[in-house]
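Asker: Generate the whole structure from the sequences, applying the supplied hints.
Chains as they are written, first to last, in our numbering: chain A, 1 to 115; chain B, 1001 to 1115.
Careful, some of the hints might be misleading.
[Claimed, not checked] Below are the BS3-like pairs computed for lysine-lysine, each with C-alpha atoms no more than 30 angstroms apart in a straight line: (1) B:Lys1041 - A:Lys3; (2) A:Lys70 - B:Lys1054; (3) B:Lys1015 - B:Lys1078; (4) B:Lys1044 - A:Lys3; (5) B:Lys1044 - B:Lys1078; (6) A:Lys38 - B:Lys1051; (7) B:Lys1054 - A:Lys38; (8) A:Lys110 - B:Lys1054; (9) B:Lys1051 - B:Lys1078; (10) B:Lys1054 - B:Lys1078; (11) A:Lys110 - A:Lys16; (12) A:Lys3 - A:Lys38; (13) B:Lys1044 - A:Lys70; (14) A:Lys3 - B:Lys1078; (15) A:Lys38 - A:Lys16; (16) A:Lys38 - B:Lys1044; (17) A:Lys38 - A:Lys110; (18) B:Lys1041 - A:Lys16; (19) B:Lys1041 - A:Lys38; (20) B:Lys1041 - B:Lys1015; (21) A:Lys3 - A:Lys110; (22) B:Lys1041 - B:Lys1078; (23) A:Lys3 - A:Lys70; (24) A:Lys70 - B:Lys1078; (25) A:Lys3 - B:Lys1054; (26) A:Lys16 - B:Lys1015; (27) A:Lys110 - B:Lys1044; (28) B:Lys1054 - B:Lys1044; (29) A:Lys70 - A:Lys110; (30) A:Lys38 - A:Lys70; (31) B:Lys1015 - B:Lys1044; (32) B:Lys1041 - B:Lys1054; (33) B:Lys1054 - B:Lys1015.
Just so you know, the hints here were simulated from the structure itself, not pulled from any lab data. Please read these numbers as outputs of a predicted model, since none were measured by experiment.
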Amino acid sequence: AQKVTQAQTEISVVEKEDVTLDCVYETRDTTYYLFWYKQPPSGELVFLIRRNSFDEQNEISGRYSWNFQKSTSSFNFTITASQVVDSAVYFCALSEFGGYQKVTFGTGTKLQVIP
Amino acid sequence: EAGVTQFPSHSVIEKGQTVTLRCDPISGHDNLYWYRRVMGKEIKFLLHFVKESKQDESGMPNNRFLAERTGGTYSTLKVQPAELEDSGVYFCASSIQTGGSNEQFFGPGTRLTVL
Chain A
1 AQKVTQAQTE ISVVEKEDVT LDCVYETRDT TYYLFWYKQP PSGELVFLIR RNSFDEQNEI
61 SGRYSWNFQK STSSFNFTIT ASQVVDSAVY FCALSEFGGY QKVTFGTGTK LQVIP
Chain B
1001 EAGVTQFPSH SVIEKGQTVT LRCDPISGHD NLYWYRRVMG KEIKFLLHFV KESKQDESGM
1061 PNNRFLAERT GGTYSTLKVQ PAELEDSGVY FCASSIQTGG SNEQFFGPGT RLTVL
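Answerer: Laid out in structure tokens, this is it:
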């Protein structure tokens, strides 16, 4: 069975601080996908990134960066120089590679960026 | 190209009433998924259609929930009778095919409140 753990329920940071959201996953699959989604106050799920399990190269996109460590089953997400607009619930997720790929989500981390 | 749409965006009903949620996937997407997030918990998989067939309904909580996808286009999720614990945000997602880099595109969600 697949499982995603986001131990941080809520985080508050002051604007311009860096913040890292932790994600640890469990799966018996040797290949899989990892995701991060953002859910702003408006409620929709916004796709941020998808990572294949066989690609451990870290990725940077603007102020966002992701650190994938297969050895520790972690896929952490860092926001650099946080902004108020980053305030949202962030979900880490996992799905199988191939097959029907239902997505297993973590419980989410609520990030509040204080101006 | 239009994304996944869901209707209504918000529904408030009383316990014991019936509610029907609708999801229109991206045109041409054979796969349609329903997920639900109950307040403060993870987003959980409910079921998966491939065209009009239910491929996996292991996440459906009980027989008060009925999902259909007649004709393999839009899908409905009916809750009858609704209970307080059914409150949450219901997300729909679609993908073009199974296997490989099969990305799921999520709709904006329907927020259901049962009083």
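Asker: Take the hints in turn and mark each one as holding or not.
Answerer: So, going through the hints one by one against the coordinates:
The suggested pairing of B:Lys1041 with A:Lys3 holds, with an alpha-carbon distance near 13 angstroms, which does not exceed 30 angstroms. The straight-line distance between the Cα atoms of A:Lys70 and B:Lys1054 is roughly 33 angstroms, outside the 30 angstroms bound, and the hint therefore fails. Simply put, B:Lys1015 and B:Lys1078 have alpha-carbon atoms about 14 angstroms apart, close enough for the 30 angstroms limit, and the pair holds. Only pairs whose Cα atoms come within 30 angstroms are accepted, and B:Lys1044 paired with A:Lys3 is accepted, the gap being roughly 11 angstroms.
In summary, the hint linking B:Lys1044 to B:Lys1078 is supported, as the alpha carbons are separated by about 17 angstroms, within the 30 angstroms threshold. A hinted pair counts as satisfied when its Cα atoms are at most 30 angstroms apart, and A:Lys38 with B:Lys1051 qualifies at roughly 28 angstroms. Taking the CA atoms of B:Lys1054 and A:Lys38, the gap is about 28 angstroms. The hint holds against a cut of 30 angstroms. Proximity of A:Lys110 to B:Lys1054 is assessed by CA-CA distance (about 33 angstroms); at most 30 angstroms being required, the pair is judged violated.
Of the supplied pair hints, the one linking B:Lys1051 and B:Lys1078 holds, its CA atoms being roughly 18 angstroms apart against a limit of 30 angstroms. About 15 angstroms separates the Cα atoms of B:Lys1054 and B:Lys1078, which keeps this hinted pair within 30 angstroms; it holds. Pair hint A:Lys110 plus A:Lys16 holds up; C-alpha atoms about 17 angstroms apart against a cutoff of 30 angstroms. With a C-alpha separation of about 19 angstroms, the suggested pair A:Lys3 and A:Lys38 falls inside the 30 angstroms cut-off, and the hint holds.
Our distance criterion of 30 angstroms between C-alpha atoms is met by B:Lys1044 and A:Lys70, whose separation comes to about 24 angstroms. Distance restraint check for A:Lys3 and B:Lys1078: the Cα-Cα separation of roughly 28 angstroms lies within the 30 angstroms cut-off, and the hinted pair is therefore satisfied. For the suggested pair A:Lys38 and A:Lys16, the alpha carbons sit about 19 angstroms apart, so the restraint of at most 30 angstroms is met. A distance of roughly 16 angstroms separates the Cα atoms of A:Lys38 and B:Lys1044; the hinted pair therefore holds under the 30 angstroms criterion.
As the CA atoms of A:Lys38 and A:Lys110 are separated by approximately 10 angstroms, the hinted pair is consistent with the 30 angstroms bound. For the hint linking B:Lys1041 to A:Lys16, the alpha-carbon distance of about 29 angstroms falls within 30 angstroms, and the restraint holds. Between B:Lys1041 and A:Lys38, the direct Cα distance comes to roughly 15 angstroms. Compliance with the 30 angstroms bound is thereby established for this hinted pair. The straight-line distance between the Cα atoms of B:Lys1041 and B:Lys1015 is roughly 21 angstroms, inside the 30 angstroms bound, and the hint therefore holds.
Of the supplied pair hints, the one linking A:Lys3 and A:Lys110 holds, its CA atoms being roughly 19 angstroms apart against a limit of 30 angstroms. Annotation: proposed proximity of B:Lys1041 to B:Lys1078 holds, straight-line Cα distance about 22 angstroms (limit 30 angstroms). For the hint pairing A:Lys3 with A:Lys70, the CA-to-CA distance comes to about 15 angstroms; that is within 30 angstroms, so the pair holds. In summary, the hint linking A:Lys70 to B:Lys1078 is not supported, as the alpha carbons are separated by about 40 angstroms, beyond the 30 angstroms threshold.
At roughly 23 angstroms between alpha-carbon atoms, A:Lys3 and B:Lys1054 fall within 30 angstroms of each other, so this suggested pair holds. Restraint check for A:Lys16 and B:Lys1015: not satisfied, since their Cα atoms lie roughly 45 angstroms apart, outside the 30 angstroms limit. The hinted pair formed by A:Lys110 and B:Lys1044 meets the criterion: a straight-line CA distance of about 17 angstroms does not exceed 30 angstroms. Between B:Lys1054 and B:Lys1044 the CA atoms are separated by roughly 17 angstroms; this keeps the pair inside 30 angstroms, and the hint holds.
With a C-alpha separation of about 25 angstroms, the suggested pair A:Lys70 and A:Lys110 falls inside the 30 angstroms cut-off, and the hint holds. As the CA atoms of A:Lys38 and A:Lys70 are separated by approximately 23 angstroms, the hinted pair is consistent with the 30 angstroms bound. Our distance criterion of 30 angstroms between C-alpha atoms is met by B:Lys1015 and B:Lys1044, whose separation comes to about 22 angstroms. About 25 angstroms separates the Cα atoms of B:Lys1041 and B:Lys1054, which keeps this hinted pair within 30 angstroms; it holds.
Pair hint B:Lys1054 plus B:Lys1015 holds up; C-alpha atoms about 28 angstroms apart against a cutoff of 30 angstroms.
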